[in-house]
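Number of protein chains: 2
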Amino acid sequence: MTETSSPFAARTSRDAVEKGTTFAPKFDADGLIPCIAVDADSGAVLMFAHMSVETLAETVRLGEAVYWSRSRAERWHKGATSGSVQKVVEMRTDCDQDVILIRVRVEGSGASCHLGYRSCFFRAVPLGATPTPATELTVVEDGPLFDPDVVYGTKDKS
Amino acid sequence: MTETSSPFAARTSRDAVEKGTTFAPKFDADGLIPCIAVDADSGAVLMFAHMSVETLAETVRLGEAVYWSRSRAERWHKGATSGSVQKVVEMRTDCDQDVILIRVRVEGSGASCHLGYRSCFFRAVPLGATPTPATELTVVEDGPLFDPDVVYGTKDKS
Chain A
1 MTETSSPFAA
11 RTSRDAVEKG
21 TTFAPKFDAD
31 GLIPCIAVDA
41 DSGAVLMFAH
51 MSVETLAETV
61 RLGEAVYWSR
71 SRAERWHKGA
81 TSGSVQKVVE
91 MRTDCDQDVI
101 LIRVRVEGSG
111 ASCHLGYRSC
121 FFRAVPLGAT
131 PTPATELTVV
141 EDGPLFDPDV
151 VYGTKDKS
Chain B
1 MTETSSPFAA
11 RTSRDAVEKG
21 TTFAPKFDAD
31 GLIPCIAVDA
41 DSGAVLMFAH
51 MSVETLAETV
61 RLGEAVYWSR
71 SRAERWHKGA
81 TSGSVQKVVE
91 MRTDCDQDVI
101 LIRVRVEGSG
111 ASCHLGYRSC
121 FFRAVPLGAT
131 PTPATELTVV
141 EDGPLFDPDV
151 VYGTKDKS
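Same order as they appear, the protein sequences are chains A and B. For the first sequence, full-length UniProt numbering gives the first residue as 1, with consecutive numbering after it. For the second sequence, full-length UniProt numbering gives the first residue as 1, with consecutive numbering after it.
It should be emphasised that the hints constitute simulated quantities derived from the structure, not laboratory data. Some hints here could point you the wrong way.
As the list claims (entries may be wrong) - The following label-pair restraints were derived from C-beta to C-beta distances:
1. A:134 <-> B:130: 49 to 55 Å
2. B:26 <-> A:13: 34 to 40 Å
3. B:132 <-> A:72: 26 to 32 Å
4. B:71 <-> A:110: 35 to 41 Å
5. A:98 <-> B:21: 29 to 35 Å
6. A:132 <-> B:139: 42 to 48 Å
What the hints assert, rightly or not - Interface residues of chain A toward chain B, partial, derived using beta-carbon atoms under 10 Å:
7. 19
8. 21
9. 25
10. 56
11. 95
12. 126
13. 127
14. 132
15. 133
16. 139
17. 150
18. 151
19. 153
Claimed, not checked - Here chain B is said to cover these stretches of chain A; the calculated rule only asks that three of the stretch's residues, wherever they fall, bring their Cβ under 8 Å from a Cβ of chain B:
20. 11–17
21. 29–40
22. 58–68
By construction, the Cβ of each residue, glycine as well, lies at the ideal position given by its N, Cα and C atoms.
Using the sequences and the hints, build the whole thing.
See below:
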C-alpha cells in the first residue's frame, strides 16, 4: 500500500489548537478520537464512540457517522445493519481538539443504542448519597424501539 | 493508608451490565471513566472530561461535578477557581456502563470552557468535502463569557 498523508493539519502550539481555526484533531495512542453523537433536534445525547483518522475523514466527507469499533477492530458505518444511519447535520470539536461532537438525525427506527433504545444513556444513577455496590439504576427512557434479536440476529451490531 | 473497598458493584455478565439495574461502571486501564457534561436546561454539550473511582463517587454524593485532571494528575472540583461550579441535576450511564453523562446547571459566569466559552465545543468543522490540512473551523458560539487571564491569572484552570 502507498503511504497516504493525513487529511488533517499538524498540531502546532497550544494557542493555535485552542484559539485558532485550523482543524487539527488529536488522536490517542490507539489512533482514535472520542465522538459524542447528539440528536440534532432534541439535543439528547445518543451515544459515545470513537473514530480513526480514516473514519473521521469519511464522516466529514460523507455526512454520515462512520466510527471505529474498538471491540470488533473494524470500520463501523453506523446503521449499515440496523438501518439507524446517523446523518450528520453539524460537527464540532472542543477547545483542545481531542473530542468530536456530531449533531445527527437518525434514520430508520430512530434508535442509536444496540439494545433498541433511542439513546444509550437510558438509565439514571441516583444522586445525593455515597454510592455502594447495591446502588440501583433507574430506566428513564421509553423503549426499546426495536427488538435487537430481530434486527441483528446473529450479526454484529451496527 | 487503609485499603478501601470500591463503592461500585463488580461487573458480572454482559447482560447484567447492559440490561440490569446494578450500577457497575467500568474504569479504563488508567482507572478513569469518561464523562460528558450537558446543560440541564438547553441540553447543549458543555465539556468532556474524566472521573476516577473516587471523584465519580464524590460527584454522586455531593451533586457537584468532580473530575480527575489527566494533565495535572489531580482531583479537579470544577469551578473551585473560576466559580463555574457544575451542580448535577441528573446522572446517567450508557448501555455498557463505560461512560457517564451528567446534566448540570453551571454557577457563576455560566462558562464551562477554560477559555471562557459556555461550551468547549465552540467551533464547527465544515462538512461535505474530504478534509485537508487547510480545513478551517468556524466559531459558532458567542463569547467568551469571562477573560481567562483575569479569572485564572497564573493558576491552573479549574
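Checked hints:
no. : hint                        : in the structure
1   : A:134 <-> B:130: 49 to 55 Å : holds (51 Å)
2   : B:26 <-> A:13: 34 to 40 Å   : holds (35 Å)
3   : B:132 <-> A:72: 26 to 32 Å  : holds (29 Å)
4   : B:71 <-> A:110: 35 to 41 Å  : holds (38 Å)
5   : A:98 <-> B:21: 29 to 35 Å   : holds (33 Å)
6   : A:132 <-> B:139: 42 to 48 Å : holds (45 Å)
7   : 19                          : holds (7 Å)
8   : 21                          : holds (5 Å)
9   : 25                          : holds (9 Å)
10  : 56                          : holds (8 Å)
11  : 95                          : holds (5 Å)
12  : 126                         : holds (8 Å)
13  : 127                         : holds (5 Å)
14  : 132                         : holds (6 Å)
15  : 133                         : holds (4 Å)
16  : 139                         : holds (7 Å)
17  : 150                         : violated (16 Å)
18  : 151                         : violated (15 Å)
19  : 153                         : violated (17 Å)
20  : 11–17                       : violated (count 0)
21  : 29–40                       : holds (count 3)
22  : 58–68                       : holds (count 3)
The structure is inconsistent with the numbered hints 17, 18, 19 and 20, although it conforms to all the rest.
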